[in-house]
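Engineer: Here's the letter readout for the chains.
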Amino acid sequence: MLAYVLRRLLHSVPIVLVGSFITFIMVSASGDPLGDLKAKQPPVPPAVLAAEAHRMRLDQPVLERYWHWLTGILGGDWGPSVKKIDIGAEIWPRLLVSARLVTLAVLLALTLALLVGVVSAVKRYSTVDYVFTAIGFLLLSMPAFWFAILLKQQAIDLNQATGATLVYTVGEASIPPPTGFWPTVWDVLGHLVLPTVVLAMTAFAPWSRFVRSSMIEVQDSDYVRLARAKGLKRRTVLIRHALRTALVPLTTVVALDLAVLFSGAVVTETVFQWRGMGSFLLSAVRDKDIYAVMAWLLLVSVIVVLFNLIADLLYAVLDRRVRLG
Amino acid sequence: MVEIAYAPADGELSTATPRWRLVVRRFLRHRLATVSLVVFVLLVLLAFVGGALWHYSYDVYTPDNSQPPSARHPFGTDATGYDLLAQVLRGTQRSVEIALFVAAVSGVFGSVWGAVAGLHGGKVDTVLMRIADLVLIFPAIAVAAVLANNVGASSQGWLLIGLVLAALTWPYVARLVRGLVLSLREREFIAAARTFGAGSWRIIFRHVLPNALGTIIVAVTIIVAVAILAETALSFIGFGVRPPDTSLGLLVSQNQTAVSTRPWLFYFPGLFIVLIALSVNFTGDGLRDAFDNTRSRSRR
Numbered sequence: 107m108l109a110y111v112l113r114r115l116l117h118s119v120p121i122v123l124v125g126s127f128i129t130f131i132m133v134s135a136s137g138d139p140l141g142d143l144k145a146k147q148p149p150v151p152p153a154v155l156a157a158e159a160h161r162m163r164l165d166q167p168v169l170e171r172y173w174h175w176l177t178g179i180l181g182g183d184w185g186p187s188v189k190k191i192d193i194g195a196e197i198w199p200r201l202l203v204s205a206r207l208v209t210l211a212v213l214l215a216l217t218l219a220l221l222v223g224v225v226s227a228v229k230r231y232s233t234v235d236y237v238f239t240a241i242g243f244l245l246l247s248m249p250a251f252w253f254a255i256l257l258k259q260q261a262i263d264l265n266q267a268t269g270a271t272l273v274y275t276v277g278e279a280s281i282p283p284p285t286g287f288w289p290t291v292w293d294v295l296g297h298l299v300l301p302t303v304v305l306a307m308t309a310f311a312p313w314s315r316f317v318r319s320s321m322i323e324v325q326d327s328d329y330v331r332l333a334r335a336k337g338l339k340r341r342t343v344l345i346r347h348a349l350r351t352a353l354v355p356l357t358t359v360v361a362l363d364l365a366v367l368f369s370g371a372v373v374t375e376t377v378f379q380w381r382g383m384g385s386f387l388l389s390a391v392r393d394k395d396i397y398a399v400m401a402w403l404l405l406v407s408v409i410v411v412l413f414n415l416i417a418d419l420l421y422a423v424l425d426r427r428v429r430l431g
Numbered sequence: 007m008v009e010i011a012y013a014p015a016d017g018e019l020s021t022a023t024p025r026w027r028l029v030v031r032r033f034l035r036h037r038l039a040t041v042s043l044v045v046f047v048l049l050v051l052l053a054f055v056g057g058a059l060w061h062y063s064y065d066v067y068t069p070d071n072s073q074p075p076s077a078r079h080p081f082g083t084d085a086t087g088y089d090l091l092a093q094v095l096r097g098t099q100r101s102v103e104i105a106l107f108v109a110a111v112s113g114v115f116g117s118v119w120g121a122v123a124g125l126h127g128g129k130v131d132t133v134l135m136r137i138a139d140l141v142l143i144f145p146a147i148a149v150a151a152v153l154a155n156n157v158g159a160s161s162q163g164w165l166l167i168g169l170v171l172a173a174l175t176w177p178y179v180a181r182l183v184r185g186l187v188l189s190l191r192e193r194e195f196i197a198a199a200r201t202f203g204a205g206s207w208r209i210i211f212r213h214v215l216p217n218a219l220g221t222i223i224v225a226v227t228i229i230v231a232v233a234i235l236a237e238t239a240l241s242f243i244g245f246g247v248r249p250p251d252t253s254l255g256l257l258v259s260q261n262q263t264a265v266s267t268r269p270w271l272f273y274f275p276g277l278f279i280v281l282i283a284l285s286v287n288f289t290g291d292g293l294r295d296a297f298d299n300t301r302s303r304s305r306r
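Going down the list, the protein sequences come from chains X and S.
Quick note on numbering: the numbering used here labels position 97 of the first sequence as 203, and the sequence is numbered without any gaps.
Quick note on numbering: the numbering used here labels position 17 of the second sequence as 23, and the sequence is numbered without any gaps.
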C-alpha cells in the first residue's frame with residue numbers, strides 16, 4: 107500500500123510539472139505585464155522601464171524564466187509581482203479562506219446528494235423523485251452568480267426587515283474581527299452561510315443525479331437481489347451493499363469536480379466580495395501579474411491532483427476488487 | 007489513475023446503429039423534452055430574427071431612462087435609456103452563438119481525440135488521455151480568464167471566447183467517446199473492417215464514430231448548456247464578452263446593483279439564461295432516453 111502511494115505520488119509530479127510549464131507559456135504569452143506602465147502619461151523614463159523589465163525577468167528568454175520560477179518556488183520564492191506584493195505572504199491566507207468555503211460546500215453537497223440520490227432511486231418515478239429531479243434540473247441550469255445575487259438580496263431584505271444582521275452578506279469575516287475565540291468562529295461561520303449554500307447547490311445537482319443513477323443500477327444487480335433473498339433487511343441491503351458500491355465511482359466524480367468547484371468559488375466570492383483566492387486571481391489576471399497568476403494555478407492544480415490521488419486510494423479501500431500492485 | 011468514464015451509470019449506450027425513426031419517435035414521446043426543444047428553437051429564432059425586427063436596437067439610446075416594463079419597453083429600460091428587450095435579445099444571440107460554436111468544436115475535436123485514443127490503445131491511449139486529464143486539473147474559469155483577457159474586446163472576440171471554452175470542454179467528450187470505443191473495438195464489424203484492410207482513419211470515421219453518434223449528440227447537447235453557463239460566468243467576472251457588445255452574463259453583471267431598485271434589469275437577463283440552459287438540459291435528457299435502447303422499457 108505504502109509503495110503504491112509513493113509511486114502514485116511520483117506519477118503526479120510530472121503531471122503537475124507539465125501542467126505548470128504549459129500554463130507558464132500560456133500566461134507569459136497572454137499580455138505584457140508592463141503594458142500599464144508603458145501607457146502611462148507622461149511617459150515613464152526608459153531606464154525605469156528597463157529596470158522593471160529586469161525585475162520582472164522579462165529580459166530573460168521564456169524557458170529560462172520558467173526554470174528561474176520553478177527553482178525559486180522550491181526555495182520559497184514565488185517570483186516578482188507587478189504590483190510589488192509579496193505573492194507568498196498574500197496567497198496563503200487567501201487559500202485558507204477559499205479552502206474553508208470549498209470544503210464546507212463539498213461536505214454539504216455530498217450529504218444532500220447522497221440523501222436525495224438514494225431517496226430518488228428507492229422511490230423511483232414517485233412524486234418525490236419527480237420533485238427532486240425538477241429541482242436538480244433547475245439548479246443545473248441556474249447560473250451560480252445569478253443565484254448568489256438573488257440569495258444575497260433576500261438576505262439584505264431580511265436583515266432590513268428585522269433591523270438586525272441575521273445573515274452576513276459581505277466579506278469573509280467582520281472588519282475589525284471580533285475578539286475572543288468563539289466570537290471569531292461564529293463570525294466566520296456566519297459569513298460562510300450564503301456562499302456555502304450557493305457553491306454547494308452547483309455541485310449538488312450533478313452529484314445527486316449521479317448517485318440516483320448508480321443506485322438504480324446497483325439495485326437491479328444480482329447480488330443485491332441475492333442479499334434480499336437471503337432475508338437481509340431492506341435497509342441493511344441498501345446501505346451495506348447497494349450504497350457502498352454506488353459510493354465508489356462517486357469518489358472519482360467528486361475529486362474530478364474539484365477544479366469545477368474552484369471555478370465556482372471564484373464567481374461566488376466575487377458576488378459576496380470575499381478577499382479569497384477569487385479576487386486574488388481576478389486582479390492578478392487584470393494586472394497581467396504573471397507570477398501571481400502562476401502561483402494561483404500551481405496551488406490549485408496541486409490540490410486537485412492530490413485529491414484525485416486520494417480519491418483513487420479511497421476507491422481501493424471501498425472496492426476490494428481494485429488491487430494495488 | 008483509475009479510469010472511469012464521467013457519465014451517469016445509466017447512460018450506457020446501445021452500440022447498434024441508431025434507428026433514426028425509432029429515436030425520433032421515442033424523443034417525441036418524451037413530452038417535456040419535445041416542449042423544451044421547441045422552446046429552445048423559439049428562443050433562438052426570437053433572438054436572431056426578433057432582435058433585427060424589434061424597433062429598438064441594443065446599442066442605441068432611447069429617450070426613456072429607468073422605465074419599468076411597459077407596452078413600449080416590455081422589459082423596461084436601464085439608467086442610460088437602453089431598451090432592455092433589445093439588449094436581452096442581442097445577449098441571447100451572442101450567448102447562443104458562443105455555446106453552439108463551443109459544442110460543435112469540442113464535440114468534433116473531442117470525438118476524434120477519444121476515438122483515436124480508444125482505437126489505438128497502449129501508449130497512444132495513455133499519452134492522449136493524460137493530455138485530456140491535464141486540461142481538467144485547472145479550473146476552467148481561471149484559464150479562460152487568462153486566455154480571454156486580451157481577446158474579449160475585439161469585434162471577433164466572441165469567436166475567440168468560444169475557442170477558449172471549447173479548448174476547456176473537449177476532454178469531457180474525449181473521455182466519453184474513448185470509453186465507448188474501447189467496448190466497440192472488440193466487436194466483430196471492426197475486426198471485419200480491419201481484415202478487409204481498412205486504415206485507422208477509415209475505421210474511425212466510417213465505423214466507430216457513426217456508432218458512437220448517439221452518445222456524442224447527448225454529450226454535445228449537455229455542453230451547449232455548460233457553455234452557456236460558462237460564457238455568462240466569464241462575462242460576469244469581466245473577462246468574456248465586453249461592451250459595446252453584450253451578452254446575458256454581462257447584462258446581469260452590469261445590472262446586479264439594480265436588483266432592489268429596478269429589479270427588471272436583473273431578472274430578465276437571468277431568467278433568459280435559466281430558460282435556455284433548462285430547455286437544453288431537458289432536450290439532452292430526452293435525447294439520452296431516445297438513443298438508449300436498454301432503458302426504453304422503464305420510461306414511456
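The set of hints was computed from the structure by calculation and includes no laboratory data.
Quick caveat: nothing in here was measured; it's all calculated off a predicted structure.
C-beta: ideal position from N, C-alpha, C; glycine also.
Just so you know, not all the hints are guaranteed correct.
To be verified - Which residues of chain X face chain S? A few of them, derived with a C-beta cut under 7 Å, are: (1) Trp198; (2) Leu201; (3) Leu202; (4) Ile241; (5) Phe243; (6) Met248; (7) Phe251; (8) Val372.
Unchecked claim - Label pairs and their computed distance ranges (CB to CB): (9) S:Gly128 <-> X:Gln260: 42 to 50 Å; (10) X:Arg230 <-> S:Gly128: 53 to 61 Å; (11) X:Arg340 <-> S:Leu281: 37 to 45 Å; (12) S:Pro249 <-> X:Gln266: 48 to 56 Å; (13) S:Phe202 <-> X:Leu176: 49 to 57 Å; (14) X:Leu115 <-> S:Thr86: 54 to 62 Å; (15) S:Val133 <-> X:Pro289: 33 to 41 Å; (16) X:Leu295 <-> S:Thr263: 22 to 30 Å; (17) S:Thr263 <-> X:Phe127: 39 to 47 Å.
Claimed, not checked - Some chain S residues well away from chain X (every beta-carbon gap over 10 Å; in silico): (18) Pro80; (19) Ala148; (20) Val152; (21) Leu153; (22) Leu165; (23) Ile223; (24) Arg248.
Engineer: It remains to establish, for every hint, whether it holds in the given structure.
Structural biologist: Against the structure, the hints come out as follows:
1. Trp198: For Trp198 (chain X), the interface hint is violated, since the closest Cβ of chain S sits about 18 Å away, which is over 7 Å.
2. Leu201: violated (13 Å)
3. Leu202: violated (18 Å)
4. Ile241: violated (12 Å)
5. Phe243: holds (6 Å)
6. Met248: Since chain S brings a Cβ to about 6 Å from Met248 (chain X), closer than 7 Å, the hint holds.
7. Phe251: holds (5 Å)
8. Val372: holds (5 Å)
9. S:Gly128 <-> X:Gln260: 42 to 50 Å: Violated, since Gly128 (chain S) and Gln260 (chain X) (Cβ atoms, about 55 Å apart) do not stay within the stated range.
10. X:Arg230 <-> S:Gly128: 53 to 61 Å: violated (41 Å)
11. X:Arg340 <-> S:Leu281: 37 to 45 Å: Given a distance of about 41 Å, which is inside 37 to 45 Å, the answer is holds.
12. S:Pro249 <-> X:Gln266: 48 to 56 Å: Violated - the Cβ-Cβ distance for Pro249 (chain S) and Gln266 (chain X), about 32 Å, lies outside 48 to 56 Å.
13. S:Phe202 <-> X:Leu176: 49 to 57 Å: holds (51 Å)
14. X:Leu115 <-> S:Thr86: 54 to 62 Å: holds (56 Å)
15. S:Val133 <-> X:Pro289: 33 to 41 Å: Check failed, 54 Å falls outside 33 to 41 Å.
16. X:Leu295 <-> S:Thr263: 22 to 30 Å: holds (27 Å)
17. S:Thr263 <-> X:Phe127: 39 to 47 Å: holds (41 Å)
18. Pro80: At about 20 Å from chain X, Pro80 (chain S) clears the 10 Å cut-off, so the statement holds.
19. Ala148: Non-interface label on Ala148 (chain S) violated, nearest chain X Cβ at 6 Å vs cutoff 10 Å.
20. Val152: violated (5 Å)
21. Leu153: violated (7 Å)
22. Leu165: holds (17 Å)
23. Ile223: Consistent with the label, Ile223 (chain S) stays out of reach of chain X, its closest Cβ about 19 Å off (over 10 Å).
24. Arg248: Its Cβ never comes within 10 Å of chain X, the nearest being 13 Å, so this holds.
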